[in-house]
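Respectively, the protein sequence lines represent chains H and D.
Position 45 of the first sequence, counting from 1, maps to 45 under our numbering, and the rest follow consecutively.
Position 82 of the second sequence, counting from 1, maps to 1082 under our numbering, and the rest follow consecutively.
Calculated from the structure, these hints are not laboratory results.
None of the values given here were measured: they were computed from a predicted structure.
Here a beta-carbon is modelled for each residue, glycine too, at the ideal position from N, C-alpha and C.
Warning: the hint list may mix true and false statements.
Stated by the list, open to error - Covered stretches of chain H, going by a simulated chain D footprint (3 or more residues, C-beta under 8 angstroms):
hint : region
1    : 160-172
2    : 304-313
3    : 316-324
Said to hold, decoys possible - To give an idea of the chain D side of the interface with chain H (calculated C-beta under 10 angstroms), a few residues:
hint : residue
4    : M1001
5    : D1006
6    : T1008
7    : S1009
8    : R1011
9    : R1016
10   : L1019
11   : N1066
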Amino acid sequence: MASDLPRDGLVAVVKRDCPTCVLAAPVLGDLARAAGLTVYTQDDPSFPETVPRRIDDTALDVSHRLKIEIVPTLIRFAQGREVDRTYGWDRGEWERLTGVAGLGRDLPEARPGCGAKNVEPGVIERLKIRFNETGLRSRRIEIGEDEDEQEAMFARGWSDGLPLVPPTEERVLHMLDGTSRDPQEVLGLVPPALAAATVEKIAINAVMAGCKPEYLPVVLAAVEAVLEESFAMHGVLATTMFVGPVLIVNGPVRRRIGMNAKGNALGQGNRANAAIGRALQLVIRNIGEGRPQEVDRAALGNPGKLSYCFAEDEEGSSWEPLSDERGLKPGQSAVTVFAGYGLQGIVDQKSRDPESLAKSFAGSLKALSNVKHAPSCDALLVVCPEHHRTFKNAGWSKARLYEALYRLCEIPAADLVAGAGGIAEGGPAALAGRTVNKFRPGGLMIVRAGGDAGMFSGIIGGWSAGGPRSSLPVTKEVRN
Amino acid sequence: MTVLLDPTSERSPTIRPRLPRPERLDGLTIGILDIAKSRGDVFLHRLGERIGERGIAVKHYAKPTNTRVAPLPLRQQIAAEVDLVIEGLSD
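The following block holds chain D by itself, in its conformation from the complex (with noise of 0.2 angstroms):
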């Protein structure tokens, strides 16, 4: 394993936390990403509906294969284009 010494102030934890959850939706746009699995896409039809029924703006995206990590240019599509991701991670 590589020790490596912290060239900041050290005033932030060394693991990066995540970014805070919006504590709101309005005038967000929420991606939902189906990854494939079977059905999965019944279901995320429905809860896009659901968060449209909200007001709140969905965007829609699908992974080819549930068997590899989505594509770069989808993933960055992704993250240009949306502020939250809600993705079905199983059957």
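Pulled out of the complex, with its shape left as it was, chain H reads as follows (with noise of 0.2 angstroms):
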């Protein structure tokens, strides 16, 4: 390999791929009886048949030695070391590097060269892999010749229920390409567990998920928003009830990964909204071990827990979107995490004012958790193009809604007490004569999403006992 190299003298790495290598061959078959050279050949080994002294690099391995990164590179060596470097074709850079004079004189000035093979997406992993540079800490597991891969993953517990993309060395070194941070940062301890969350274990996780590279800021900015403690994500997770981690990214990064937010936008078939709220749920399971019927102990769960991720549809909106009102700058791409389950859907196709509309909504808000609740959950409401129309037409800020909607769910507590209407689910008889509001200051969070048709808006539900006492949504800035 590399004492294939010449001690001293000229060293050409080209492809036949490449039309500037093409267009330089009758020079390096000039140098090569100039000057002696030696040409590494990355596609096709009888390529330059200009050129005897030809070696075969279809493997890459001084390809990567060298680092090439451009073909035709161009450069020189003496003693043993490299002191000299050109690539693309141009005639002066090569005549100064190698001293011939009158280079290519039937050929073009410069033209620039071609991506070399072994810098190529895919080809660059397998040669870290191969050359041990990977810097990946984690544990190999070893599957068998005639082992089914699946099966290997299943029967180690780190599935989610549903097949998984088998989380090979070259898969995640392309999907640590999605980040600019360190592998082996520590973005906190992930619970139950309390172990550490490497940005080199969140992307394995994130392969597994189904993530493309580019989608794994997002996965990051999402794992450090449940890792804040104010999320309370133990909690999250071990509680009896419904909830768990539903994730709202606002910002270009929508866009920019083909989020979806509009028609179903809660549901299946956009794969950025899907595996990337899968892949927190499995961080959650396999770094931090907190797995149904162990540590989790929700009695129903909810389908969510399969990942329930979305985008805000910004675009049309008169409403500012939600990471703005959390305090990120407009612009900003962000992940706001809120501990939710299901969605209870708003069917209102008759209100034409948002008077009506908001005492609609209100009415539906105030059956969450129970009829009887009050303070209940926090709530995230969603709200659809077509209900949003309603509130723009007539000139309402989010600002205003907000307003109405805590106005609208102040409920008399006497409706609210322990066997009022004949349920004894309800508050103590001391309430008896006062109001109390459904949602506790700041409970409710409003968002815009879904398609252009259908007067159909939903809410989804939190956690009972909403607040800092319990969960508070997180947002995060998205960096790359």
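Dock the two chains into a complex; use the hints.
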């Protein structure tokens, strides 16, 4: 390998697939005769025919050692060390480097080269693995020749119940290209095991979840968010109630990675939505060891505990995005996590003024958790575009809707006491005569999402006793 | 061979340990699986009697043939009904 390289003299790295290499082939022949030249060929060992001393580098080992990025690359060695390098075809540069004048008189003055094969995606990862340069520290698990990878992963308990993408070293390295963060950076301790969430471990779980590398910064932000103390991830996991982390994504990253904020935004069918939410759950499961019927004590759970992630539909909205409302700058990409579950639909096809629609929303909100509960859990109200239009046309800001909803969610406590309405559930009799709000101050969040047709908004319920006593929503900027 | 990177906290061995053996058999149900080897039924029937004399619940099962793995419904039935299984592996 390295010993094939001359101690003194010229080396070129080329490939036939590169038009600039083909253009420069006669010059390489001239240099071979005039100055001695060793050519390493990345794709076709018979290329270039003009040079007798060609070495097959289709395995790309020498190219990788020499850190070739562009072909042709021309290098001069002296006493076993590289002393000069140029790439692409550039007559002046080649003449200076080789000390040979009059090279390629028939050729244009200069031509840019082509990308080298050894740095192509998929190839560079294999070379790093072969040369033990990955820097990955996770334990290697060998799967037997006759063993089914999927079954092996299920058997080890890595799966949420669905098949996983096998986290090979190549895939994990490729995933880590999605962030500039150090793979060994620790984002926090994942409950309940309180094990370190390194960027590398999160990337492994993101691979398994089906993420593309460009989704990784969103996953990392989501992990950071749930590990904030105020989110209380341990409690969100351990509760017998329904909740799991619900992810709302804002900012330019939504469109860059193709998230769905439109029709069926909360449903199936979009890779980014599905895989990002799933990756977070796999982090809790595999790094944190948070598993159902173990520390996860949920009585029913909810289907969103496989994945619950969507983007806010900011385009065309007259309302500030959720992340702005929560303190980020306009145009910043962000993830907000909310301990929530399910979706309670609000069907209203007749309200044409904001007063009527707000009452409709409030009526449905008041049923959350139990009609007898107030203050109750926090809630995330997802307003569909057709409902939003009613508020927009009437000039209602989001703040005005918040104000109206809190006001409309005042409930006479007499309706809430235990036994009222023939329902044993309820508050103490001493409440009677007072008015109680369904929500704590700040317990409501509003976002806009959904398809253009359909007057169907939705409520994502939160964890009972929402707020500082249990879990608060957390917003984190998405950083590359 | 495929090499995968461990997605876990790495606090457990890579090979799953077998379930621990129970310390006592009281209150457990033992399945006895006859794999259909010749006269295995005689031996296993007697074994079942001896275990039953100790007041332990026993259920008997049989594979249709020793040449094939137990059919899935039989494996599922055994897993659902008993805590331990004893099977005779040879003549």
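Quick rundown of the hints versus the structure:
Note: the region 160-172 of chain H has 5 residues with beta-carbon separation from chain D under 8 angstroms; the three-residue rule is met and the coverage holds. Beta-carbon proximity to chain D at under 8 angstroms applies to 0 residues in the region 304-313 of chain H; the threshold of 3 is not reached and the given coverage is violated. Check result for the region 316-324 of chain H against chain D: violated, 0 residues qualifying (beta carbon to beta carbon below 8 angstroms, three or more required). With 10 angstroms as the threshold, the beta carbon of M1001/D comes within range of chain H, its nearest partner Cβ sitting at about 6 angstroms, so the hint holds.
At about 4 angstroms, the closest approach between the beta carbon of D1006/D and any beta carbon in chain H falls short of 10 angstroms, and the interface hint on this residue holds. At about 5 angstroms, the closest approach between the beta carbon of T1008/D and any beta carbon in chain H falls short of 10 angstroms, and the interface hint on this residue holds. Evaluation of the S1009/D hint against chain H yields a held restraint, the C-beta minimum of about 3 angstroms falling below 10 angstroms. Restraint check, R1011/D versus chain H: the minimum CB separation of about 7 angstroms is within 10 angstroms; hint holds.
Interface hint status for R1016/D: upheld, as the beta-carbon distance to the closest one in chain H is roughly 7 angstroms, under 10 angstroms. Look at L1019/D: its Cβ only gets to about 14 angstroms from chain H, farther than 10 angstroms, so that hint breaks. Evaluation of the N1066/D hint against chain H yields a violated restraint, the C-beta minimum of about 23 angstroms exceeding 10 angstroms.
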